[in-house]
Structures are given as C-alpha cells and as structure tokens.
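One-letter residues, chain by chain:
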Amino acid sequence: DTGVSQNPRHKITKRGQNVTFRCDPISEHNRLYWYRQTLGQGPEFLTYFQNEAQLEKSRLLSDRFSAERPKGSFSTLEIQRTEQGDSAMYLCASSLASLLAGGYNEQFFGPGTRLTVL
Amino acid sequence: LAKTTQPISMDSYEGQEVNITCSHNNIATNDYITWYQQFPSQGPRFIIQGYKTKVTNEVASLFIPADRKSSTLSLPRVSLSDTAVYYCLVGGITGYSTLTFGKGTMLLVSP
Numbered sequence: 110d111t112g113v114s115q116n117p118r119h120k121i122t123k124r125g126q127n128v129t130f131r132c133d134p135i136s137e138h139n140r141l142y143w144y145r146q147t148l149g150q151g152p153e154f155l156t157y158f159q160n161e162a163q164l165e166k167s168r169l170l171s172d173r174f175s176a177e178r179p180k181g182s183f184s185t186l187e188i189q190r191t192e193q194g195d196s197a198m199y200l201c202a203s204s205l206a207s208l209l210a211g212g213y214n215e216q217f218f219g220p221g222t223r224l225t226v227l
Numbered sequence: 007l008a009k010t011t012q013p014i015s016m017d018s019y020e021g022q023e024v025n026i027t028c029s030h031n032n033i034a035t036n037d038y039i040t041w042y043q044q045f046p047s048q049g050p051r052f053i054i055q056g057y058k059t060k061v062t063n064e065v066a067s068l069f070i071p072a073d074r075k076s077s078t079l080s081l082p083r084v085s086l087s088d089t090a091v092y093y094c095l096v097g098g099i100t101g102y103s104t105l106t107f108g109k110g111t112m113l114l115v116s117p
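Protein chains in written order, with our numbering: chain W, 110 to 227; chain F, 7 to 117.
Bound-form chain W, shown alone (with noise of 0.2 Å):
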C-alpha cells in the first residue's frame, strides 16, 4: 500500500510531556498538510508544507507545535509540554501540487494519529 502512513496510530501521554507525530506522504507527492480534529467537528487546517517549505500555518498552531519536513519528504509535527485540549484525532495529508497538471489537488489524508493526553 503506496498511501499516507501515520504513526503511531495511538499516543497516550500527561499532562506536560512532549509528544512527536510522523507523518509519510505518497512518495511523489510535494505537498504535505497537516489537520486536527475533535470529537464531531472537521478536520481543522494545522499547517502545510511545499516540498522542504513550510508555507502557511494557522493561528490554531501555538507556539508549543512545531512541523518540519527534512528534505522534502516524511513530515514530524511536536507538540511540547501538552495540554488536555490538545487531545484530538492528528491527520496527515498529501498531494501532487503542480502548475502543469492544472485541475485539483487531491488531498490523500492517512488514518491519523489519535492523541489523548491525561
């Protein structure tokens, strides 16, 4: 199977422990989103990553969260010093972003990584 992988698929952690997210995009893809989602609501745009680039991150993003993606290719999203409300469902998503290609970029989101602090 060629699609998003996340992991891991479950973190448990307290209240103040730093957690870290991988996340692997299809292999082709440029673009590599990341989302939160809580129980009932959609998915909430996190941040995005052109290639090695991080483009635009919303305000949703504190200063606690941070994303990088070395290379170009696998992306890692940490969360510091963790909060309850940070417990949510963490997905992933990529895409194939190109100028040429014109029409939609279709996001390919991966299982998520489901996060719940104590």
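Misleading hints may appear alongside valid ones.
If you anchor each label on the Cβ, the simulated ranges turn out as follows [stated by the list, open to error]:
#1 W:Thr-111 <-> F:Val-65: 18 to 28 Å
#2 W:Gln-189 <-> F:Ile-14: 34 to 44 Å
#3 W:Gln-163 <-> F:Thr-62: 11 to 21 Å
#4 F:Asn-63 <-> W:Glu-137: 37 to 47 Å
#5 W:Leu-205 <-> F:Pro-46: 23 to 33 Å
#6 F:Gly-21 <-> W:Gln-189: 47 to 57 Å
#7 F:Glu-20 <-> W:Gly-181: 40 to 50 Å
#8 F:Thr-78 <-> W:Gly-149: 16 to 26 Å
#9 F:Lys-9 <-> W:Leu-164: 44 to 54 Å
#10 W:Glu-137 <-> F:Pro-117: 39 to 49 Å
#11 W:Ser-136 <-> F:Asn-32: 35 to 45 Å
It is worth saying that the hints were derived from the structure and are not from the lab.
Each residue gets a CB set at the ideal place from its N, CA and C atoms; glycine is no exception.
Assemble the complex: chain W is given as a structure, and chain F must be docked to it using the hints.
Just chain F, lined up with the frame of chain W:
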C-alpha cells in the same frame, strides 16, 4: 472562503438513493465544490468535485444549479458501508492549498 451549511445527519435504508444538499450562498466565481467522505477512525477521502451542472463518477453524482449557491451529492443505492460523515467544501483550485471542513453530514444507512 465561502461558508457551507449542510444537514447534521440523515438516515436511509440499503438500496435507496441518498441526496445530501449543501448551501454555499457566498460562493465565489472561481470556487469549486468538493465532497469528502470520512469513516470512523480514518482520514477523509475525496469523493467528487464540480464547478457547475452535473458531474458523475463511479461513486456519486454532484448536481450544481445555475446560481451555484447550493449543491447536491447523490449516492445511488446506498449500502451499509456508505455509513459515514460527508463534508461539503468550497474553494478555488488554483492557489488554494488548505481545506476548510464544516461539521459534515452523518449518514446512517440501516438494513
């Protein structure tokens, strides 16, 4: 980005056709309408996209009236496996990267 409004939930039975309507009164000229499907504990999955009139693929049809202020996702002959949350999104293709999801419509298909 244009705001979308869709029913919170819908119920149906296997074999029926389901139509989910989404309102987007402030849709801009260069906005497209896209629908995603999400099963529990999975990420959303693209279903269909359109700009105007009707679009059909192997999964669904999308009907868009001339004024484009609403759209209807049509699922023919639903099965139990179509039970999911369906999201309507509006945005331009060129240059827009982020997806703005609402709360979606929870479709429950019963035997």
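Legend entry - Lys-9 (chain F) paired with Leu-164 (chain W), Cβ distance criterion 44 to 54 Å: violated, 24 Å
Inset, instruction - Please test the hint of 39 to 49 Å on the beta carbon pair from Glu-137 (chain W) and Pro-117 (chain F). - result: holds, 41 Å
Inset, instruction - With respect to the beta-carbon atoms only, verify the hint that Thr-78 (chain F) and Gly-149 (chain W) lie 16 to 26 Å apart. - result: With Cβ atoms ~24 Å apart, the hint holds.
Inset, instruction - State, for the Cβ atoms of Thr-111 (chain W) and Val-65 (chain F), whether the hinted interval 18 to 28 Å holds or is violated. - result: Holds, at about 21 Å.
Legend entry - Outcome for the supplied range 37 to 47 Å, where the beta carbon pair is Asn-63 (chain F) and Glu-137 (chain W): violated, 23 Å
Inset, instruction - For Ser-136 (chain W) and Asn-32 (chain F), compare the CB-CB distance with the range 35 to 45 Å and indicate the outcome. - result: Hint holds: Cβ distance 38 Å, inside 35 to 45 Å.
Inset, instruction - For Gln-163 (chain W) and Thr-62 (chain F), compare the CB-CB distance with the range 11 to 21 Å and indicate the outcome. - result: violated, 38 Å
Legend entry - 40 to 50 Å as the expected CB spacing between Gly-181 (chain W) and Glu-20 (chain F), which holds or is violated: The hint (40 to 50 Å, Cβ to Cβ) holds, given that Glu-20 (chain F) and Gly-181 (chain W) are roughly 45 Å apart.
Inset, instruction - Could you check the hint for me, namely that Leu-205 (chain W) and Pro-46 (chain F) are 23 to 33 Å apart, CB to CB? - result: For Pro-46 (chain F) against Leu-205 (chain W), whose Cβ atoms are near 28 Å apart, the range 23 to 33 Å holds.
Inset, instruction - Could you tell me whether the CB distance from Gln-189 (chain W) to Ile-14 (chain F) stays inside 34 to 44 Å? - result: The hinted range 34 to 44 Å holds for Gln-189 (chain W) and Ile-14 (chain F), with Cβ atoms some 35 Å apart.
Inset, instruction - Using the beta carbons of Gly-21 (chain F) and Gln-189 (chain W), state whether their distance is inside 47 to 57 Å or not. - result: For Gly-21 (chain F) and Gln-189 (chain W) the Cβ distance comes to about 51 Å; the hint holds.
Going down the numbered hints, you'll see the structure goes against 3, 4, 9, while the others check out.
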